[in-house]
Every structure is written in structure tokens, then in C-alpha cells.
Amino acid sequence: MKKMKKLFAMLLTLAMVFGMSMTSFAAPAATAKITVKNLTANDNTTLNLYQVVKFNDATSSWEVTDWVKNALKSDPSLVDLTTKPAKIDYAKLAEKYLPTSPNAVKENVNTTSCDFTDLEVGAYLITASGDTTSYTVMGTGTYDYDENSNLIKPVSKEISAKGETYTVVKTLKNSNQTFVIKGETVEFNIDTVFPSYADDNTNRTFTITDTPTGMKVTGVKVSVGGTELTKNVDYTISELGVKDKAVTVSFTSDYIGTSNAHAAAAVRVEVTAVVTSDDGTYSNKATSGYDSTPSEVVGTSGSITINKTDDNKTTPNPLTGAKFSIKKGETTLEFVELSAGEYTLYTEDTVIPEGKQKVTDVTVNEKGVVTVKGLGAGEYVITETLAPEGYSVNNNIPNVTLEKGEHQNRTIQVKDSKLSALPSTGGIGTTIFTIAGCVIMIAAAGLFFASRKKSDNK
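For the sequence shown, the residue numbers in mature numbering (1 follows the signal peptide of the UniProt record, and there is no 0) are -26 to -1, 1 to 432.
Please note that a few of the clues may not be correct.
Said to hold, decoys possible - The calculated lysine-lysine pairs, modelled on DSSO-like cross-linking and capped at a C-alpha distance of 30 Å, are:
#1 K61 with K28
#2 K80 with K127
#3 K80 with K7
In case anyone wonders, no lab produced these hints; they're calculated from the structure.
When you get a sec, could you build the whole thing from the sequences and use the hints?
Put into C-alpha cells, the structure is as follows:
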């Protein structure tokens, strides 16, 4: 009997030992959830989930999934299941070993968080990218060890997405302003997202730079998460109102903070600029400290070229000395001469060359050509104010309409006719007619006064 008791005690001890060693690998039936936070709102984010490690119920042990097995053949250091929890190099796995089909996909996510539900105990890798933001590779396990029972239990996890690249997108508020008149005010939007920072980052900065060409920036407004910020409190800005000078918005360290409070929030910089280039062509680029690839908007203006000729029907000959004025609506436009026969529309930002001045009449060059630049869309009235010597003014110049596209730059031909001259030599010419006219006038005057005298004598 004593032997039997000893045997039962030994069996009970062994059962407890094996039971303890086995229960630490017992996979429960419950499932977990992974929540990815700090996503950029309204960014059409796509998230892909890949299972890396799973629990094998048959062997009560951890094992990697098939695609990871293939990766381990090339690099065995990618996953270490001997540690608790397992060590996994998610970034290297994602770099070149991801399978073509993920375990789960979430598309067109426009909220700031996304859930993957009904996940079995294991470890998962997640990739995410949106229209403006690409994120670093994420990874986590959906399990933990119960401190009391040493059992594996499913645990829902939260991951804070960290942006790797933040695309800057620049757009026109008014899409029609790709065709502008010199001096026109143009408004732009610069859109990006606020970056997230590593916990150990002690030098947190964020800047957005607007670089104009053929323009000057006159105003800037900054919003984060839909809330307008305060200049010199939340951000500072470099000098405004200088032609072709880049303007930088720098967020203050107090606003950036240390807790990633603004991470993934939508950032909008509203820029107001004035077209200043002589030919009305402009470009405007935006970059940030996290995206050095410029997002650019370009625009152009129009021009009118006048070719001045005689009215020769076979081969019209160019004429010099002609002058023209140009009106748009009720306004007579002013111009500054850049070179012979080339003028730019005058605005307050126009640099007038030495020895020149603004004028309302433009003069053709030695080839009979004059071009005016910096014009916008609309109808222009052209008047010949001075004809070449010996020619009559053309009063029948058609109005010119500039339109975006193929009619932004128009060329017209204005023909003048020679003045008619009566002969002054070679025969009697006009002399006889002049004498006859005088005689008739004298006779008429004499008859008039004679008739009045007779009337007075009666």
C-alpha cells in the first residue's frame, strides 16, 4: 500500500510539473484587436496587416507563418522565438519579404484611427500609406502572459502611427488663375500633416517654405486641425512683401511640445501673392522640413503684338513711327518700355529702367512691330493715336480678346493708307478753281449788300 501511495504521489508530481510547463503555451479561444492611431484625417489611407507569428495548438508552441519561413532562409536573425516576447525585425521583413496578399486590408481610411478585429493570438506587421503621408512599418503582438497562471492571454493593442514622409500639396484656390494679368493677386493652399516625433527626439522642429518666382508673398495664414494659429505665438514667419523671396513658416517649440499632441493633424498654410514678373509668368513652390520635393503651381499671362504695315495688297510693307493706346473696359492701360517695341504692363511693382517712364502710348520698333506683355483674360480696345508720317490713322482696328489656352497671345495687323495729295505744280492745277471761287463769293456779297440798300431806300 505504501508503494502505491508513493507511486500516486510521484505521478501527481509529474502531472503538476508537466501541467505547469504546458499551460504557459495554452492558446485561448478569444480574439484580440489592433488599433492604429495618429493617422492623417481625410487622406485615403490604406493599411495592410500581415501575420508574422502564430500559435500552433497541436504542438502548443509558437511558429512563424509560411512567408516568414522563406524570409528566415535568407536571414535567420529576422525573428527570434526563444525570447519572451519574441524578437521580430518588422522593418527588415517589410523591406523585401512581404507576400503579395496580406491577411487583412483597410482601404480609403479617412479617420485618425483604424481597427483590425478578430485577430488570433500572434504577432502582426502593419504597413500604411495615404495620399499625403507614408508611415514607418508597425508591428505588435496580440498576447501577453498572465502573471498568476502563466497562461497566454489575448490582448488588444494600440499602435501610434509615425509618419515617415509627409507629402506637401500646393493648389490654387481659384483654378482659373493659371492665366493672370500682371499685378493680379493669387491665393494658394499648402496642405500637409503635422509630423510625429520619436520619444527620445530632443530637437523637434517643423517648417514649411513657400518659394515664389515672378511673385511676392503678401500674406500667410496657418491652421492645424482646422484651428487657425496665432502668429509669433504658435509660429513665426520670415519677411513678407519682397519679390521672389522665399517665405518660411516655423512652428515654435512650445507649440510642437513633447507629447506629439498634434501628430498627424492636417496642416494648411494659406498664401496670398501678387504677380510681379514683366511677362506675367509665375511659379510657386512649397516644401517642408519633412518633404523636400517641391509641390509647384505655375501660371502665365497674355500678350498682344501689333504689326504696323501699309495697305499694299501684294506685299504689305512695315511702317515705323506709329503709336497705339490700349484700354480694358474704361481703363487706359499704362506700360513701361523694356526694349524697342517691347512693353510690360505697369504695376506698382514694376521696375522702371533708367531713362524710361510709364506711358499710355506704345511705339512700334524699326520693323513696325510692338508687343505688350503681362495682360490677362478679357477684351482690349486698341486705338492708333499717331500714324506714320504720310499715312492716315486707322480708325477701324477690331477689339482683341485674350482667353486661356491658344488665344492667350494674339497678333494683329494694322494697315494704314497713304494720305491723298492734290497737285501744286504742272498746269493750272487748283489755281483756277481758287480764283473762280473767290469771284463767286465777291459777286454774291455784292448782290447781298445791293439788295439791302434798295430795300432801305423804299
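Against the structure, the hints come out as follows:
1. The straight-line distance between the Cα atoms of K61 and K28 is roughly 14 Å, inside the 30 Å bound, and the hint therefore holds.
2. Annotation: proposed proximity of K80 to K127 holds, straight-line Cα distance about 26 Å (limit 30 Å).
3. Simply put, K80 and K7 have alpha-carbon atoms about 14 Å apart, close enough for the 30 Å limit, and the pair holds.
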